[in-house]
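Read top to bottom, the protein sequences are chains P and W. The first sequence begins at 188 in our numbering and counts up one residue at a time. The second sequence begins at 188 in our numbering and counts up one residue at a time.
Because the hints were derived from the structure by calculation, they are not lab data. Quick caveat, the model's predicted, so the values are computed rather than measured.
Just so you know, same-sequence chains aren't split out, so a pair can sit in one copy or run between any two.
Derived lysine-lysine pairs resembling BS3-like cross-links, with alpha carbons at most 25 Å apart:
| # | residue 1 | residue 2 |
| --- | --- | --- |
| 1 | LYS549 | LYS519 |
| 2 | LYS327 | LYS421 |
| 3 | LYS499 | LYS189 |
| 4 | LYS519 | LYS274 |
| 5 | LYS499 | LYS275 |
| 6 | LYS275 | LYS519 |
| 7 | LYS478 | LYS292 |
| 8 | LYS228 | LYS189 |
| 9 | LYS330 | LYS519 |
| 10 | LYS499 | LYS292 |
2 protein chains.
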Amino acid sequence: MKFTIQRDYFITQLNDTLKAISPRTTLPILTGIKIDASDNKLVLTGSDSEVSIEITIPAEINHEEIVTIEEKGSIVLPGRFFVDIIKKLPAASVIIETNSQFQAKITSGQSEFNVSGLDPDQYPLLPQVSEQDSMTLPIKVLKNVIRQTNFAVSTSETRPVLTGVNWLIKDGELSCTATDSHRLALRRLKLENASVDNINAIIPGKALNELNKIINDDDETIEIFFAANQVLFKVGHINFISRLLEGNYPDTSRLFPESYETSLAIDNGDFFHAIDRASLLAREGGNNVIKLSADQNQVELSSTSPEIGTVKEDVATSRFEGQGLKISFNSKYMMDALRAIDNDEVSVEFFGTMRPFILKPKDDENVIQLILPIRTY
Amino acid sequence: MKFTIQRDYFITQLNDTLKAISPRTTLPILTGIKIDASDNKLVLTGSDSEVSIEITIPAEINHEEIVTIEEKGSIVLPGRFFVDIIKKLPAASVIIETNSQFQAKITSGQSEFNVSGLDPDQYPLLPQVSEQDSMTLPIKVLKNVIRQTNFAVSTSETRPVLTGVNWLIKDGELSCTATDSHRLALRRLKLENASVDNINAIIPGKALNELNKIINDDDETIEIFFAANQVLFKVGHINFISRLLEGNYPDTSRLFPESYETSLAIDNGDFFHAIDRASLLAREGGNNVIKLSADQNQVELSSTSPEIGTVKEDVATSRFEGQGLKISFNSKYMMDALRAIDNDEVSVEFFGTMRPFILKPKDDENVIQLILPIRTY
Chain P
188 MKFTIQRDYF
198 ITQLNDTLKA
208 ISPRTTLPIL
218 TGIKIDASDN
228 KLVLTGSDSE
238 VSIEITIPAE
248 INHEEIVTIE
258 EKGSIVLPGR
268 FFVDIIKKLP
278 AASVIIETNS
288 QFQAKITSGQ
298 SEFNVSGLDP
308 DQYPLLPQVS
318 EQDSMTLPIK
328 VLKNVIRQTN
338 FAVSTSETRP
348 VLTGVNWLIK
358 DGELSCTATD
368 SHRLALRRLK
378 LENASVDNIN
388 AIIPGKALNE
398 LNKIINDDDE
408 TIEIFFAANQ
418 VLFKVGHINF
428 ISRLLEGNYP
438 DTSRLFPESY
448 ETSLAIDNGD
458 FFHAIDRASL
468 LAREGGNNVI
478 KLSADQNQVE
488 LSSTSPEIGT
498 VKEDVATSRF
508 EGQGLKISFN
518 SKYMMDALRA
528 IDNDEVSVEF
538 FGTMRPFILK
548 PKDDENVIQL
558 ILPIRTY
Chain W
188 MKFTIQRDYF
198 ITQLNDTLKA
208 ISPRTTLPIL
218 TGIKIDASDN
228 KLVLTGSDSE
238 VSIEITIPAE
248 INHEEIVTIE
258 EKGSIVLPGR
268 FFVDIIKKLP
278 AASVIIETNS
288 QFQAKITSGQ
298 SEFNVSGLDP
308 DQYPLLPQVS
318 EQDSMTLPIK
328 VLKNVIRQTN
338 FAVSTSETRP
348 VLTGVNWLIK
358 DGELSCTATD
368 SHRLALRRLK
378 LENASVDNIN
388 AIIPGKALNE
398 LNKIINDDDE
408 TIEIFFAANQ
418 VLFKVGHINF
428 ISRLLEGNYP
438 DTSRLFPESY
448 ETSLAIDNGD
458 FFHAIDRASL
468 LAREGGNNVI
478 KLSADQNQVE
488 LSSTSPEIGT
498 VKEDVATSRF
508 EGQGLKISFN
518 SKYMMDALRA
528 IDNDEVSVEF
538 FGTMRPFILK
548 PKDDENVIQL
558 ILPIRTY
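Turn these sequences into a full structure, and let the hints guide you.
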């Protein structure tokens, strides 16, 4: 294998490939990046066996030469170390040449590295996902969907399915649900360009996090393909493949109560910042518990920690229906939920002191955040 | 005590005060910030008993009101927690009021905190440094002196004096020396505004680091006062006091050899970046050792690690005198030394493979960096 490549462009693609690579892997070869040079393109592969990223670098982009391949071939090079070298090389282009002992000679300007690589035939095969039935989403929408649900997945491995987000596609609607059993985030979306239907998949939260870091608004849309155990996200020259979580996701539809006892509307920013301040004391006190007392036109937030002190915050409501109420909640869950609501005004519905309550954007049923209260009153 | 203060200005001063405070302290009251309100000013004090920072907030600055004191008094409030609260408060000003049980009521907009404080009489007294004999340095010069020497102090407590920088003032010249016994950094400076002489002080490297973070180029000069066990840096409204290290600093003057065997001049940036690249492999190999081979007009750098690979870098010299040479060094020490040399061109003088070598800016004897080689050839 021998090729010459534009260093800046190479660095960007290598950085994206690295995102799939974990330094803690049971299979040592997976700490490496696989490089395949064929006739007119270079393919970079990184994988931690749960998530795989495959990036294609074309010979030229907009008539500008990116890579010149003089000899075809493949190698696996030590991921992080190789990328560090490429980043620090002195010249605008880099020449990489391998020999039959999987040694790579890397030259740029007056700098020459010889790095030991591994046999690419030892690198695991990537899962193949058929590119038949797909759905297409605008990148901005996908990033919102991830932002509005992913934070609520469980970080505990006690119930592995809860570490993923449940994607349900039915009758042209996508609904994404995440819950750690203390709070739940739901995002619904009408699909416009979808040839898939009746999908019930659990995508690992970690994979969606990594995907969110890689995709950016330069590309307008992303194609999504589902297979039995895998999902493929295809955007520009990047293939992002994640395994799906096995098991049955709990039916969460019965969690949403029917008629509220108290309903109010409140300014998102004012509410968020008041909770943020009260949480300083709640956190210092060690339990993160904030008390809320709602009455006509006003919400009072408070927290007390005998050794440290007390805090009291007043926030005006713009609408108030039903009866007054006292309830306690975990400040972190509440702030996560408010962050996921883009609207300046938030509707909050309470169903009694001991039952979960709901937050959603004003006049919008497509984002619903549900939080279990804490028993203190 | 009761006062109203501009929140933004208060935050900046609190952040600087916090820099003296360590969360790990043997004296619990030192995790707090002491606030003294007198007739027309507020004084903030933070200390970890080694370094103390005292900041004076005047009633007004440029005819703009900063703080209004309604009732004099003092209190100690929990440092980090108190600053977090002030940062997150909603309004442009904050009112702080204390009662006789050392409780502080903090109000701003619709937010009200009650925080437990401590008795200010329990706070240790700051050392008094007489403000008689002083020297004045431009801030930029002091920051350079710190940057060019401080990195070379020892991080080991085996010989405590080596964790400080030795400041010697004699015959109107300041010379600052730092060494960890593997390398040495020396900076010399003619003093213009000094009424002090015959000073031999060891200032802790940590204190100089903190000082460097607090002072900025807004103020033009800094005044420095030495007492038997303390040094006071006075800049604008900040008093920065550090204890001095006790003990005798070793005489390092005999370390500098007389006549070189090899002398060369080399581009600082090219040399630095070549070492930086070679160090990637040296670091991966675990020993940080880089070999240098100097010959007419060229320096070759190399490093080898049997399992990982090899690297070779060529850098042209702009001047070469004396005989060819092979020597090995720790890449980190070399990069630190080159960073401390502002000049684009560096003079390097070698006195043989096993003896310390010297780096300095071209045509300048005020900055000297000395490095012990590693025995490999």
